[in-house]
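Asks: Fit chain B with the ligands to the supplied structure of chain A, relying on the hints for placement.
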Amino acid sequence: MSPAELLDLLGRDFMQRALLAALLTGLAAPAIGTFIVQRRLALLGDGIGHVAVTGVALGLLTGTSPTWTAVVVAILGAVLIEVIREKGHTNGDVALALLFYGGLAGGVLITGLAGDGAAGLQVYLFGSVTSISSTEVWYTAGLALVVLTVTLGLLPQLFAVASDPEFAKVAGLRVRAYNLLVAVLAAVSVTVAMRTVGLLLVSALMVVPVATSQQLARSFRSTLLWAMVLGGVAAVGGLVVAAWLSARATVAPGPSIVLLALAMFAATWPVGVWARRRRRLAEPFPALGTGTPGPHEVDEHPHQHGDDCGHPAVPHDDHLDYVHDGHRHAPHGEHYDEH
Amino acid sequence: MLNPAGTAVVEARDVTVALGGRPVLRGNDLVVRHGEFVALMGANGSGKSTLVRALTGLRPLTQGSVLLFGTPLQDFKERHRIGFVPQRGTAAGGVPSSVREVVASGRLTRRPLLRPAGKADRAAIDDALEVVGLTGMASEGVSTLSGGQQQRVLIARALAGEPELFFLDEPTAGVDLPNQLALAGALRTLSERGATIVLVAHELGPLEPLVDRAVVMRDGRIAYDGPPLAHEDVHGHHHPIAGSHDHVPHVGSPFDTMSLDPREDRR
Ligand SMILES: Nc1ncnc2c1ncn2[C@@H]1O[C@H](COP(=O)(O)OP(=O)(O)OP(=O)(O)O)[C@@H](O)[C@H]1O
Ligand SMILES: [Mg+2]
Ligand SMILES: [Zn+2]
Ligand SMILES: [Zn+2]
Ligand SMILES: [Zn+2]
Ligand SMILES: [Zn+2]
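Just so you know, the sequences run in chain order A and B.
Take UniProt numbering: the final residue in the first sequence is number 339, and no numbers are missing along the way.
Take UniProt numbering: the final residue in the second sequence is number 267, and no numbers are missing along the way.
Honestly, the hints are just simulated from the structure, not real lab data.
You may find that some hints are simply not true.
Below, a sample of chain A positions facing chain B; criterion: calculated Cβ distance under 8 Å [said to hold, decoys possible]:
#1 K87
#2 R218
#3 T223
Glycine included, C-beta positions come from ideal geometry on N, C-alpha and C.
Same shape as in the complex, but just chain B:
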């Protein structure tokens, strides 16, 4: 829901980030208003993930400032208001963990220390599992799932905290069409309830009709910020250059055998 007069939920000014001594983001301004659905686009390495990580406090700024809900990022304590889906994160660690356990860790923002999970917590976790279509796999080990299924676990983890502001970094990479449609449905519901969504994507696919505004990055700068673009404007050429096909991460569920171990592609 485009709401040009709404309050600013994210207010980034002159955001500059250097990694390994090289500037990766250079003087970016970005204001996201309450209820907006922003698609962050751009080529590989253009700085989309870094921008999202700067906005969530994972990357220190070399210059500039970020306000979330009007509070400077370093003083921002109401963490239950934000949900984060990292790019190609793996949900598996060195010890087996169940889908439900990983999703439940997204609920910690709303659980005080030492308080066991209550009814509301369990309901929120069940809802999140249902939205991503993993209800039947809640007790499966995460490491036995395909890459696309693991991606859906991470989406559910962000949903479990019932946040108002979502940062999703390529949440649909490796997710098959039926589940992209399911996710689009879930995001539409959230958006209609007033959630603010910042989503990184190369291909919007079924998410396209939801997008209010597109922000395109190039070489660490915001090169375009405005109404969603037509397909050709972003991609230019109909047939992608032969041989440059990037199927990473590989096709997800239910064609697990098609892909190699999806974890091999992760950084």
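Next comes chain A alone, as it looks inside the complex:
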């Protein structure tokens, strides 16, 4: 496809709609994804995506809009996952796995019953450029804006709860309510992302841009904002690539969006390693040796350890240890003990 043809394609109505949907998805998914990664639940989005397949299938079976059935089922699934997680049973992740597989299998089965077969489900599993109607774009835009407003508006509270739930509880924040809110917002963004990246790859758009931006960022806020930028670029870029390739073959936008996001990660990874090393090298080098020496005689020490002998003092049970030559050191009669 020549550049002129591509420009012509990008100017078409359906393509403009798809681009808008992709941009909003690319912004919303990493925003909520940052909190999910902070809570070390990177696969939550994946689980919700699997459950949402059943929601889509129910929509196809009953002839209602799959967007809304998917929202409802995804929210129910997300709340269920959060409840199972909170109860913290030892086999909690097994319960989650059952939910994932149940969601996927149920979805495929119900789609079969609806007579749509694999093709009907395909556009929801891996996204589609052309199938988005203009009403669906408005739903998508509305839901994405809700996710973005709530996430950014409650950022300080959500951050506190995600990083230390116990402290947040003592501080009077309603930890359970905020955790449920994150789960619900994740479910909504899964549904938002369904039309562009598709349900099976949606989690990548929640996690990969965050992984990329945390290579370089040092604060939570900048991680979140950069993840949104990267997510937006990957979603729009991946969609354009898919459209460009579509002249030759049928390419779903989901894989190209995710591969582009992964390429960004691969590109920043060496930079991140380099930046971290540089930061570490910039720190003053502590002149301490290693190895564990035995007790030594007092005469190996030219001075009595004390307040300002230059050796750092560390309280230890009922006495002070002095740190020297890489070990802790306690005066004891005629010799020093190593502690």
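Replies: Chain B with the ligands alone, transformed into the frame defined by chain A:
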């Protein structure tokens, strides 16, 4: 400041907590009055942390009651009045966060929903950072700090809300002497301003002169409650048993290379 006639800030009656079906705290009464500095001591596993967690509402009581500032714990809404430093908490999550962001989350008790941080909030956060000596590291990533430095971040987080009642669970574990002295200075200032402090510690070190009252726990019960004890009474023997040295958490800043990854020791 010992104030035997002051109003009760913490009033715990018959506090009993069971964890995993086993009683961990058994029928403890504890009254802490306004302005008191109480040191909570005792062996590992004696229930100090559990008592602090019961008093802050993190552990449900199987029996008994807790009043904070005269209000039953479950109805207590004025959360800005209490500050909490958890034991060996890690300040780092799955995403990089800066020291300042973590400390700022301690200010949320005084910030209504959706209101951006104001001048007073920023000043309180700056003060808290200064007290723990981390002003210069405010924009560093928390996960790159040593265990002792992270502990100081958590202390600053509790200070940021400018509470009247502090619960500190081993705030000085892994903190080096100069910073323990700095913390002791900060706690002295707070105490002189009338703050009430409940502090868990194995070794008081530089905090010793501040303590008004010692509470010693043994097997889930308060075994002693009275004036601070002399060293020997708590420890008995001069030389700790060889081989039982517990250097966990490891030495903190600035000897980071001495310790292994401090997070490995956390539960
Ligand atoms: N989550 C839990 N489930 C079951 N038992 C627990 C739990 N947490 C603590 N315990 C038990 O409760 C007892 C008291 O624990 P606690 O943490 O209060 O001790 P501590 O006095 O703070 O000790 P340390 O000096 O080690 O901090 C211990 O015997 C411990 O095994
Ligand atoms: Mg403890
Ligand atoms: Zn010395
Ligand atoms: Zn030595
Ligand atoms: Zn000796
Ligand atoms: Zn020692």
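Asks: The structure should be examined with respect to each hint, and the outcome stated for every one.
Replies: Status of each hint after checking the structure:
1. Here the hint on A/K87 is broken, as its CB sits about 15 Å from the closest CB of chain B, past 8 Å.
2. Annotation: interface hint on A/R218 holds; nearest CB of chain B at approximately 4 Å, less than 8 Å.
3. The interface hint given for A/T223 holds, since its Cβ lies 5 Å from the closest Cβ of chain B, which is under the 8 Å cut-off.
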